[in-house]
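Listed here are the chains, written in short residue letters.
2 protein chains.
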Amino acid sequence: MPDPATMADALRSEMVRVQKEIDRAFDATLPVPDDSRRPLVEAMRHATIGGGKRLRPLLLIETARILGVDRDCAIRAACALEAIHAYSLIHDDLPCMDDDAMRHGKPSVHKAFGEATAVLAGDALQTYAFALLADHQATGDSFVRIELVRCLARAAGHQGMAGGQMMDMAAEGATLGLPTITRMQQRKTGALLEAAVEMGAILGHLPDEGRLHLRGYAHDIGLAFQIADDLLDAQGDAQLAGKTLRKDDAAGKQTFLTLLGAERAREQATMLADQAVGHLAHYGKEADMLRALARFIVEREY
Amino acid sequence: MPDPATMADALRSEMVRVQKEIDRAFDATLPVPDDSRRPLVEAMRHATIGGGKRLRPLLLIETARILGVDRDCAIRAACALEAIHAYSLIHDDLPCMDDDAMRHGKPSVHKAFGEATAVLAGDALQTYAFALLADHQATGDSFVRIELVRCLARAAGHQGMAGGQMMDMAAEGATLGLPTITRMQQRKTGALLEAAVEMGAILGHLPDEGRLHLRGYAHDIGLAFQIADDLLDAQGDAQLAGKTLRKDDAAGKQTFLTLLGAERAREQATMLADQAVGHLAHYGKEADMLRALARFIVEREY
Numbered sequence: 197m198p199d200p201a202t203m204a205d206a207l208r209s210e211m212v213r214v215q216k217e218i219d220r221a222f223d224a225t226l227p228v229p230d231d232s233r234r235p236l237v238e239a240m241r242h243a244t245i246g247g248g249k250r251l252r253p254l255l256l257i258e259t260a261r262i263l264g265v266d267r268d269c270a271i272r273a274a275c276a277l278e279a280i281h282a283y284s285l286i287h288d289d290l291p292c293m294d295d296d297a298m299r300h301g302k303p304s305v306h307k308a309f310g311e312a313t314a315v316l317a318g319d320a321l322q323t324y325a326f327a328l329l330a331d332h333q334a335t336g337d338s339f340v341r342i343e344l345v346r347c348l349a350r351a352a353g354h355q356g357m358a359g360g361q362m363m364d365m366a367a368e369g370a371t372l373g374l375p376t377i378t379r380m381q382q383r384k385t386g387a388l389l390e391a392a393v394e395m396g397a398i399l400g401h402l403p404d405e406g407r408l409h410l411r412g413y414a415h416d417i418g419l420a421f422q423i424a425d426d427l428l429d430a431q432g433d434a435q436l437a438g439k440t441l442r443k444d445d446a447a448g449k450q451t452f453l454t455l456l457g458a459e460r461a462r463e464q465a466t467m468l469a470d471q472a473v474g475h476l477a478h479y480g481k482e483a484d485m486l487r488a489l490a491r492f493i494v495e496r497e498y
Numbered sequence: 197m198p199d200p201a202t203m204a205d206a207l208r209s210e211m212v213r214v215q216k217e218i219d220r221a222f223d224a225t226l227p228v229p230d231d232s233r234r235p236l237v238e239a240m241r242h243a244t245i246g247g248g249k250r251l252r253p254l255l256l257i258e259t260a261r262i263l264g265v266d267r268d269c270a271i272r273a274a275c276a277l278e279a280i281h282a283y284s285l286i287h288d289d290l291p292c293m294d295d296d297a298m299r300h301g302k303p304s305v306h307k308a309f310g311e312a313t314a315v316l317a318g319d320a321l322q323t324y325a326f327a328l329l330a331d332h333q334a335t336g337d338s339f340v341r342i343e344l345v346r347c348l349a350r351a352a353g354h355q356g357m358a359g360g361q362m363m364d365m366a367a368e369g370a371t372l373g374l375p376t377i378t379r380m381q382q383r384k385t386g387a388l389l390e391a392a393v394e395m396g397a398i399l400g401h402l403p404d405e406g407r408l409h410l411r412g413y414a415h416d417i418g419l420a421f422q423i424a425d426d427l428l429d430a431q432g433d434a435q436l437a438g439k440t441l442r443k444d445d446a447a448g449k450q451t452f453l454t455l456l457g458a459e460r461a462r463e464q465a466t467m468l469a470d471q472a473v474g475h476l477a478h479y480g481k482e483a484d485m486l487r488a489l490a491r492f493i494v495e496r497e498y
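The listed protein sequences derive, respectively, from chains C and Z. Letter by letter, the first sequence follows residues 197 to 498 of our numbering. Letter by letter, the second sequence follows residues 197 to 498 of our numbering.
Bound conformation, chain C alone (with noise of 0.2 Å):
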């Protein structure tokens, strides 16, 4: 096992070196046109480019490089995979949701290109996700596409994201145990990282049984994300998360933290790390920078 601090120091390479991966796709991918569709191609880039962690790109990238996949169909599918992610902030964001103003240390995009754009920015980053997936460019092989498409739409619908945004809607004001909150951020949040590593399975043409320590892995580190961000959510740095932070406080809602209390909700989280960790077992040093990933989603200060 190598040193922490250098595997630490490994991942933040990679994770640099990702962000630049995506920005490039996301920029060749979205010209702008020249005519009167501008603004909404625009605000399409100023959700997509120059932002964010890319948390569940550099999963899906890096279970795809475990499987030996080409790393630019990885990165492709890892674009569409960003893109439901950024269609889901723009729409979180508006008025009628969070009503939030700041997204990745910039204006949200309502606030630079106003509600309706924002809007329609929202909806057409999703189909461009799918898009995405059905290009030929993608892969050549139909089934990996195709699979790669009911993946990603079981994960973001009704089912998952848009579910569990829904259940979270509902929440507020309501009194809820430890299992619906985990039921909830399970689908609003887990869905689309769990989603992130089986599309690296699916690009890898790993069988299913095959797929059963990595899916562990995804649904222990997806939990272990959410305890973490309510934590940075209560006693984070907003520079640093280039979000509003304090906002499960300010709206009286029920998380984590409030459930737990800090202590327990940091132990919970160490311990789900631990429990991701141990998925990967039968992995040799291949995925050390998925046990780094684990490590960095519980500890990291944005």
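Certain hints may be false.
The list cannot tell twin chains apart, which means a pair is met if one copy fits it or any two copies do.
[As the list claims (entries may be wrong)] Listed next, the in silico DSSO-like pairs over lysine-lysine satisfying Cα-Cα at most 30 Å (straight line):
hint, residue 1, residue 2
1, Lys216, Lys249
2, Lys449, Lys307
3, Lys481, Lys449
4, Lys449, Lys302
5, Lys443, Lys481
6, Lys307, Lys443
7, Lys307, Lys249
8, Lys481, Lys249
Simulated from the structure, these hints should not be mistaken for lab results.
Using the hints provided, position chain Z relative to the given structure of chain C.
Here is chain Z on its own, set in the frame of chain C:
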């Protein structure tokens, strides 16, 4: 050539049949969950079940029928297409867009479920469209499935419908010529109508060179549909239409009507319908329903 009145009757029965089939398919594939996601799925059902002419499904199903496609496969693909159309109507009706209270003779989704749920229901309906196409049940052929996704995503995204919607928003208050209005409408409504025929052709394994006539037909009825829509907006009966009319006039928008005048606009629509029928010359009576549909599109009163 059968008597036009007989064909119009046959078309009416076929429309009712398709309306029932599409309603049934949405009902079966969108069960209401027994948890707090309930309002989301109810809003999705409100927007998709029991309303609308189902023109796009009819076009898809008729094209597929001519090519010998299994009807259930065609219905499933038609539901995906209609889900995209339905999502676009939910978002178009939002207060920040057209702010419309009525749709298909019912309260629009944000009126019935609130604005946040309406945004989310539109989002989830779009995802659901791609999930439907990606599912193994859509058709066993993964190449056909991914081509359906590709076609629908291209038609719906920033290069198609969403791009046209942006052009429409940008056009408010501007002075546009006929070519610009035509380009905008070709994206805004034409793209999905063309996708209906194209998806039928994909399901029917029709090679690219065999699609030219059908594409010509789709292109012409797309434009004819929009001109007829402008005429209905100005002269139609809101009760029959089930939605607010005179919106273009109220918004001071330029349309085919303001540019051409009512008489020339009606002539142009009729000419386009004739031209559309002309594209079907090398089909026999199996295409009579598509011919009747071209007539219906310009003669309809709702």
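A quick look at each hint next to the structure:
Taking the shortest Cα distances, Lys216 and Lys249 sit within 30 Å of each other inside one copy (11 Å), while across copies they are farther apart (47 Å). Proximity of Lys449 to Lys307 under the C-alpha cut-off of 30 Å is found in both arrangements, the shortest distances being 25 Å within a copy and 26 Å between copies. Proximity of Lys481 to Lys449 under the C-alpha cut-off of 30 Å is found in neither arrangement, the shortest distances being 41 Å within a copy and 63 Å between copies. Proximity of Lys449 to Lys302 under the C-alpha cut-off of 30 Å is restricted to the intra-copy arrangement: shortest distance 25 Å within a copy versus 34 Å between copies.
Taking the shortest alpha-carbon separations for Lys443 and Lys481, neither the intra-copy value of 39 Å nor the inter-copy value of 64 Å comes in at or below 30 Å. Taking identical chains as interchangeable, the C-alpha atoms of Lys307 and Lys443 lie at most 30 Å apart whether they share a chain (18 Å) or sit on different chains (27 Å). For the homomeric pair Lys307 and Lys249, the shortest alpha-carbon distance inside one copy (22 Å) is at most 30 Å, but the shortest distance between copies (37 Å) is not. In this homomeric assembly, Lys481 and Lys249 come within 30 Å of each other (Cα to Cα) only inside a single copy, at 24 Å, whereas the closest approach across copies is 59 Å.
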